[in-house]
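Engineer: Could you put the whole structure together from the sequences, leaning on the hints where they help?
Chain residues, written in single-letter form:
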Amino acid sequence: MIKLNNISKYYENKFIKTFVLRNINLEINEGEFISVMGPSGAGKSTLLYIIGMLDTASEGEYYFYDEPVHKMKEKKLTELHKSHIGFVFQQYHLIDELTVLENLETPLLYQKIKTSERKGMVADLLDRFNMVAKKDLFPNQLSGGQQQLVAIARAIITKPKLILADEPTGNLHSGQGKEIMELLKKLNDEGTTIIQVTHSEENAKYGNKIIKLNDGWIEK
Amino acid sequence: MIKNYFKIVIRNITRHKTFTFLNISGLAIGIAVASLIMLYVKFEWEYDKSYPNTDSIYRVIQRQPGNIFMGTDYFGVTQEPLGRTLQLEFPEVNNYVTMSSWKDVVINIDRKKNYEEDILYATAPNLFNMFSFEFIQGNPENALSQQNTVILSENDAKKFFGNDNPVGKTITVRENETWTVTGVFKSMPANSQFANYGIITSFETYASTLNNREQTFAWGNNSWCTYVQLKNGINPEFTQTKLPYIIKKYVNSATGSKKVREYYLQSLKDTHLYNKANFALNENGDIKIVLVLIAMAFIIITIASINYMNLSTARASLRAREVGVRKVIGANKIQLITQFVSDSIVYSIVAGIFALILDLLFLPSFNQLVGIKFSSTALFQPSFLIGFLVITLLVGLLSGAYPAFVLSNYQPAQVIKGDNAKGKHSALRRILVVTQFAASIALIACTFIILSQMNYIRNKDMGYNRENIIVLPLKDASVVKQLELMKNDLNRHSSIVEVTASSHLPININSSTHVKISGETGEIDVQSYQMYGDYNFLPTFGISIVDGRNFSKSVATDSANAVLINQSLARSLGLKDAVGKTLNINGDKYNVIGIIKDFNMHSLHQKILPLFIRMHEPWLQYLSIKTKSQDLPATIDYIKSVWNRYAEQRAFDYSFLDSDFNSLYKREERFAEIVSYSSGLAIFIACLGLLGLASFIVEQKRKEIGIRKVLGASVSDVVGTLSKQFLKLVFYANIIAVPAAYYFMTNWLQDFAYRINISWWIFVLSGGMALLIALITVSSQTIKAALSNPVKSIRYE
Ligand SMILES: Nc1ncnc2c1ncn2[C@@H]1O[C@H](COP(=O)(O)OP(=O)(O)OP(=O)(O)O)[C@@H](O)[C@H]1O
Ligand SMILES: [Mg+2]
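Those protein sequences? They're chains A and B, same order as listed.
Counting from 1, one number per residue, gives the positions in the first sequence under my numbering.
Counting from 1001, one number per residue, gives the positions in the second sequence under my numbering.
Incorrect hints may have been included.
Restricting the straight-line Cα-Cα distance to at most 27 Å, the calculated cross-link-like pairs of lysine-lysine (DSS-like) are [to be verified]:
1. K134(A) <-> K178(A)
2. K159(A) <-> K1003(B)
3. K1007(B) <-> K119(A)
4. K134(A) <-> K1007(B)
5. K114(A) <-> K1007(B)
6. K1333(B) <-> K75(A)
7. K112(A) <-> K1007(B)
8. K1042(B) <-> K75(A)
9. K161(A) <-> K1333(B)
10. K1333(B) <-> K119(A)
11. K159(A) <-> K1007(B)
12. K1333(B) <-> K114(A)
If you are wondering where the hints come from, they were derived from the structure by calculation, not from laboratory data.
Structural biologist: Okay, structure coming up:
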């Protein structure tokens, strides 16, 4: 599903290159649940953004379903990204001006899904996440765990093949964190490929494989 | 999707009140100004263009090279037989109309009701066919075929006869002619040259009031407007090249004159805004005023849009995260641009609603400014509303495009990580602020220059006295016959110093002819302005005599063949000792009895030109009464009582010479008002934007301000550092504004024969004023921030 060949990422500043990722080679198959670990500043988030097509590598090749992502124009990237990938962040990143229901609806609007179908999908998801009563609240009226639930719901509403989660439980206490991890596990069992970044050994164990990053290198 | 965008905008509008208020009020003023100007421009632009035949109608104007009159040698008047002759000679001339008018004619209905109306007389039925008059009663073909018949506009018919059927009723004109109403036509739109004419009669009826019919209708008399209609597809150039033939065959042979003249066909579409000829049926528009107004609308709209752009991009950093998130969940660039443009469109629509209210409130003042009476229903006509909507949407689109472009370009990987977009685009924001202030300052400088020229005009010694002089138009011959009795009665009052009757007022002498004298080298022929006066003309206006004497009652021949000439005429005739010389004026001999000091007899657009004054009672038109300044109301009452004694039928219309003088500069006055209002609005809107930016930056720098204060900075230090960056911008704006204003104003002043020099202090004043206003605006924000408790702002960051 994902194949990275010699991916590097650096920032150029006054002719000095600062490498964030170096010669990353990685292959991820459909259905896997990967945990990325490593110290702060190791490049974990950067790797996730590159895989999620929100950022581009400085060097190397990236194949997504055998298609060369590194050669694609922005329009194609946006297209691929929006139809296959869901994102979850440590800071939830819900849109403050929109209610829970509207936040869930927004990705479907970008996919130009018909109103009736859209309403149905949102209703299903609210039901599944037990959030029907909260649908008209704004993000700042929810607890952190609830916000992260909405964020995950928003990430999966378009039924992506791949979910990228950057420290999804980083801001939550352990009870809430566990709930989120169970949810991700369940999604993985249903067939969604998941890559998560985490600092917690315990959470890393939900995955079937751990990748350790250190100073931009993958530790073997 | 759009619904989703709108929800966010509405929530933003209510959440960020200052931002919303500043943007909406700026945009509302901009849209209001632009839409009112659109109303005016449309009116002027469509003037005389509503007739089905407009495209094929031409006015014949003539040029008499060198015969400069009121600044031009083009004349809108021609000879009575011309139209007829053109149709006869040239097959491509389909139709012609010859017409002229009487102004302020006394009309009686049923011997009782009194009106003063303008009457048009024209070749009927040609007039009705060419300009497509719609008849409600009677018919165009024969309505005016009988003598002493008249047709009325719907409005005048109602005014004169109420709901009675006007056809068959009579109106009495000048108390001695009775004309029968034979038709009623649909009133012409306000932007038609016929709008003022509610009474139309035929040439034949007009001719019956003349006792010198032959002469009036001859090739020698230039006092008629001639319009021709060409067959479809005829190029007017084609006909125009044949016009010299007409001059040779008819004009020159009939008059025996070899005067050079040229005829031109001026398209009806150009006669209102591009008129360059003397004499027309109506006051003409002015393309310059139209263009200046369009420019002002553009400047004000731009300044308001810049506010939106600046405030939106400044706040963009606050929305950066939202953009990132939307991109992550699948938004593409187009969708984001659509979102932010619909944002600004919502703002502009809300602003549009307020603009419409502003339009309604300020329509009366606007009417006064442009001199047209638009009714408030004009604001609800579909054509206006469509234009209004277009302006509103365009403003939304223009102000939203740039912020949308900036926002949609944010890279999600950057903004989501918390990288702030702060500081970016601030260079462009600065440039835009400089632009706003440069335009505002230039307008302020122009205002000062225009006002000081107007002030110069008002205070310049014109060479005659115009204070405390009351002017009464003598209306018609029957009043002139009573003149001596009236003068006697008036002179009896202790507050009346001097009374004189004259054909013109010294503020505007607009009649001219040729003066000849035989000198050693042959005959000298000078074109000179002329007027008629009486014994008291010079003393009343305080015009001094440099040589010779005034008209005198004790010299019996004065009233027949004495002439006073001004210094310019004496000079033009090459006379050193003019007194006692004999001049030939239109074939009659006149003795020069005195030389009067040159005075400005026109607006200051023109230099002083030759003038002579004769005495001839039938041509007197104005009574000028010099009064003492105290107890004016009682004096006016007395004048009224005298007027009513001798001219009871005529309305008592008086004016002050001083205000008549000011009305010579109506155009300039209007121009001055337009520019000064625009500069006021421009600086106001620019300051709204500055206020927004200042409050935003202060908000952003809360923490920095707190730290500085903890480190020991005083309030004035903080205000100084914060305000300096804004004032620097206003200073740069000055550097751009000065040459721009200087350039435009030097151009404008070229039109005056007498003008001020643009002095440097005007620019110091306008720049200083803008700087002061900007300082006050910015300080309101910076001082507040500097005074706040530093601990608070540090802790809550
Ligand atoms: N725009 C940039 N310019 C220069 N360096 C950058 C830029 N963005 C990120 N970096 C650097 O890239 C490195 C990797 O950042 P990244 O966010 O991927 O780390 P991380 O492993 O996710 O760390 P954490 O666990 O703290 O989230 C950091 O050292 C950071 O300083
Ligand atoms: Mg990270």
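Engineer: If a hint holds in the structure, say so; if it doesn't, say that too.
Structural biologist: Verification of the hints:
1. K134(A) <-> K178(A): At roughly 21 Å apart (the allowed maximum being 27 Å), K178(A) and K134(A) satisfy the hint.
2. K159(A) <-> K1003(B): Given pair K159(A), K1003(B) holds - Cα atoms ~24 Å apart, limit 27 Å.
3. K1007(B) <-> K119(A): Within the cut-off at roughly 17 Å; holds.
4. K134(A) <-> K1007(B): Roughly 19 Å separates the two Cα atoms, so the pair holds.
5. K114(A) <-> K1007(B): holds (19 Å)
6. K1333(B) <-> K75(A): holds (9 Å)
7. K112(A) <-> K1007(B): Answer holds: K112(A) to K1007(B) is near 18 Å, not above 27 Å.
8. K1042(B) <-> K75(A): violated (45 Å)
9. K161(A) <-> K1333(B): Satisfied, since the Cα-Cα distance of roughly 23 Å is no more than 27 Å.
10. K1333(B) <-> K119(A): With Cα atoms ~25 Å apart, K1333(B) and K119(A) stay inside 27 Å; holds.
11. K159(A) <-> K1007(B): holds (26 Å)
12. K1333(B) <-> K114(A): Holds, at about 21 Å.
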